[in-house]
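Chains as they are written, first to last, in this note's numbering: chain A, 14 to 79; chain B, 302 to 440.
Some hints could be false.
[Stated by the list, open to error] With a cut-off of at most 30 angstroms between alpha-carbon atoms, the simulated DSSO-like pairs for lysine-lysine come out as follows:
{"no.": "1", "chain 1": "B", "residue 1": "Lys390", "chain 2": "A", "residue 2": "Lys71"}
{"no.": "2", "chain 1": "A", "residue 1": "Lys71", "chain 2": "B", "residue 2": "Lys438"}
{"no.": "3", "chain 1": "B", "residue 1": "Lys340", "chain 2": "A", "residue 2": "Lys73"}
{"no.": "4", "chain 1": "A", "residue 1": "Lys71", "chain 2": "B", "residue 2": "Lys392"}
{"no.": "5", "chain 1": "B", "residue 1": "Lys380", "chain 2": "B", "residue 2": "Lys347"}
{"no.": "6", "chain 1": "B", "residue 1": "Lys380", "chain 2": "A", "residue 2": "Lys39"}
{"no.": "7", "chain 1": "B", "residue 1": "Lys390", "chain 2": "A", "residue 2": "Lys38"}
{"no.": "8", "chain 1": "A", "residue 1": "Lys73", "chain 2": "B", "residue 2": "Lys347"}
{"no.": "9", "chain 1": "A", "residue 1": "Lys39", "chain 2": "B", "residue 2": "Lys438"}
{"no.": "10", "chain 1": "A", "residue 1": "Lys38", "chain 2": "A", "residue 2": "Lys73"}
{"no.": "11", "chain 1": "B", "residue 1": "Lys340", "chain 2": "A", "residue 2": "Lys39"}
{"no.": "12", "chain 1": "B", "residue 1": "Lys438", "chain 2": "B", "residue 2": "Lys392"}
{"no.": "13", "chain 1": "B", "residue 1": "Lys380", "chain 2": "A", "residue 2": "Lys71"}
{"no.": "14", "chain 1": "A", "residue 1": "Lys71", "chain 2": "B", "residue 2": "Lys347"}
{"no.": "15", "chain 1": "B", "residue 1": "Lys390", "chain 2": "A", "residue 2": "Lys73"}
{"no.": "16", "chain 1": "B", "residue 1": "Lys380", "chain 2": "A", "residue 2": "Lys73"}
{"no.": "17", "chain 1": "B", "residue 1": "Lys438", "chain 2": "A", "residue 2": "Lys73"}
{"no.": "18", "chain 1": "A", "residue 1": "Lys39", "chain 2": "A", "residue 2": "Lys71"}
{"no.": "19", "chain 1": "B", "residue 1": "Lys390", "chain 2": "A", "residue 2": "Lys39"}
{"no.": "20", "chain 1": "B", "residue 1": "Lys340", "chain 2": "A", "residue 2": "Lys38"}
{"no.": "21", "chain 1": "B", "residue 1": "Lys392", "chain 2": "A", "residue 2": "Lys73"}
{"no.": "22", "chain 1": "B", "residue 1": "Lys380", "chain 2": "B", "residue 2": "Lys392"}
{"no.": "23", "chain 1": "B", "residue 1": "Lys340", "chain 2": "B", "residue 2": "Lys390"}
{"no.": "24", "chain 1": "A", "residue 1": "Lys39", "chain 2": "B", "residue 2": "Lys392"}
{"no.": "25", "chain 1": "A", "residue 1": "Lys38", "chain 2": "B", "residue 2": "Lys380"}
{"no.": "26", "chain 1": "A", "residue 1": "Lys38", "chain 2": "B", "residue 2": "Lys347"}
{"no.": "27", "chain 1": "B", "residue 1": "Lys380", "chain 2": "B", "residue 2": "Lys390"}
Rather than coming from a laboratory, the hints here were simulated on the basis of the structure.
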Amino acid sequence: MGAAEIIGLLLANAPAAIQTVGELKKLFMEGYGEVVAAVGEDATREQVLALMDEIAAKSKEIQDIP
Amino acid sequence: MRFTVRTMLTASAVTIALALSLTGCASLPRIIGAETATKMETASLKAAKTSLIVWRITQDAVLVYGRLPACDPAIPDVKVCRSAGAWDKIKSVELTTTAAILAARPLVEAGSDDIAFLAGVVTTVNNAQIAIAQARKGN
Numbered sequence: 014m015g016a017a018e019i020i021g022l023l024l025a026n027a028p029a030a031i032q033t034v035g036e037l038k039k040l041f042m043e044g045y046g047e048v049v050a051a052v053g054e055d056a057t058r059e060q061v062l063a064l065m066d067e068i069a070a071k072s073k074e075i076q077d078i079p
Numbered sequence: 302m303r304f305t306v307r308t309m310l311t312a313s314a315v316t317i318a319l320a321l322s323l324t325g326c327a328s329l330p331r332i333i334g335a336e337t338a339t340k341m342e343t344a345s346l347k348a349a350k351t352s353l354i355v356w357r358i359t360q361d362a363v364l365v366y367g368r369l370p371a372c373d374p375a376i377p378d379v380k381v382c383r384s385a386g387a388w389d390k391i392k393s394v395e396l397t398t399t400a401a402i403l404a405a406r407p408l409v410e411a412g413s414d415d416i417a418f419l420a421g422v423v424t425t426v427n428n429a430q431i432a433i434a435q436a437r438k439g440n
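Model the full structure from these sequences, guided by the hints.
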């Protein structure tokens, strides 16, 4: 594989890399805020149950990826 | 006279202290126990909620990784890809952890005060995060 082909592959891969970094950055920013908020407030059983439902749904999404 | 008054006052104080210790104070451990139990339950729910949020965010990150194109050994220069080996391990850890979390659901629904079980959610999530990090590193 020549240098031009490698550069081509890297450039073709760049949008995926940028998108991935962007998604992870967004996750971190939103997640950080959510965790800080959760630490500062009391929890109810209903909130815990709602989170369990979300987790079950996300788990299905993950497990469906081959 | 002054000695007698002092003696009576001292005797009264001792009597009051004894009465308190035998009546009012006898229920104090129960009151402290109930309050402590409520505080512990509140703290456990809060810790469980925080850990569940952390786990949901971890799942989002896992989804980002899972949606990457599969790595191609013929093109090792492409680094932004999903390794088949790591993905299998991550999926396995995700499945086990979510199953452990959801096992606590009947207890939460029933309003059980099983604090140990709720606190266990924190440990489960923490262990899963360590396992996922190791899987990503190829261990």
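Here is how each hint holds up against the structure:
no.	hint	result
1	Lys390/B x Lys71/A	holds, 17 angstroms
2	Lys71/A x Lys438/B	holds, 23 angstroms
3	Lys340/B x Lys73/A	violated, 35 angstroms
4	Lys71/A x Lys392/B	holds, 12 angstroms
5	Lys380/B x Lys347/B	violated, 39 angstroms
6	Lys380/B x Lys39/A	holds, 21 angstroms
7	Lys390/B x Lys38/A	holds, 24 angstroms
8	Lys73/A x Lys347/B	holds, 25 angstroms
9	Lys39/A x Lys438/B	holds, 23 angstroms
10	Lys38/A x Lys73/A	holds, 24 angstroms
11	Lys340/B x Lys39/A	violated, 34 angstroms
12	Lys438/B x Lys392/B	holds, 15 angstroms
13	Lys380/B x Lys71/A	holds, 26 angstroms
14	Lys71/A x Lys347/B	holds, 21 angstroms
15	Lys390/B x Lys73/A	holds, 16 angstroms
16	Lys380/B x Lys73/A	holds, 27 angstroms
17	Lys438/B x Lys73/A	holds, 24 angstroms
18	Lys39/A x Lys71/A	holds, 18 angstroms
19	Lys390/B x Lys39/A	holds, 25 angstroms
20	Lys340/B x Lys38/A	violated, 36 angstroms
21	Lys392/B x Lys73/A	holds, 10 angstroms
22	Lys380/B x Lys392/B	holds, 20 angstroms
23	Lys340/B x Lys390/B	violated, 38 angstroms
24	Lys39/A x Lys392/B	holds, 22 angstroms
25	Lys38/A x Lys380/B	holds, 18 angstroms
26	Lys38/A x Lys347/B	holds, 26 angstroms
27	Lys380/B x Lys390/B	holds, 19 angstroms
The structure fails to meet hints 3, 5, 11, 20, 23 from the earlier list, while all remaining hints are met.
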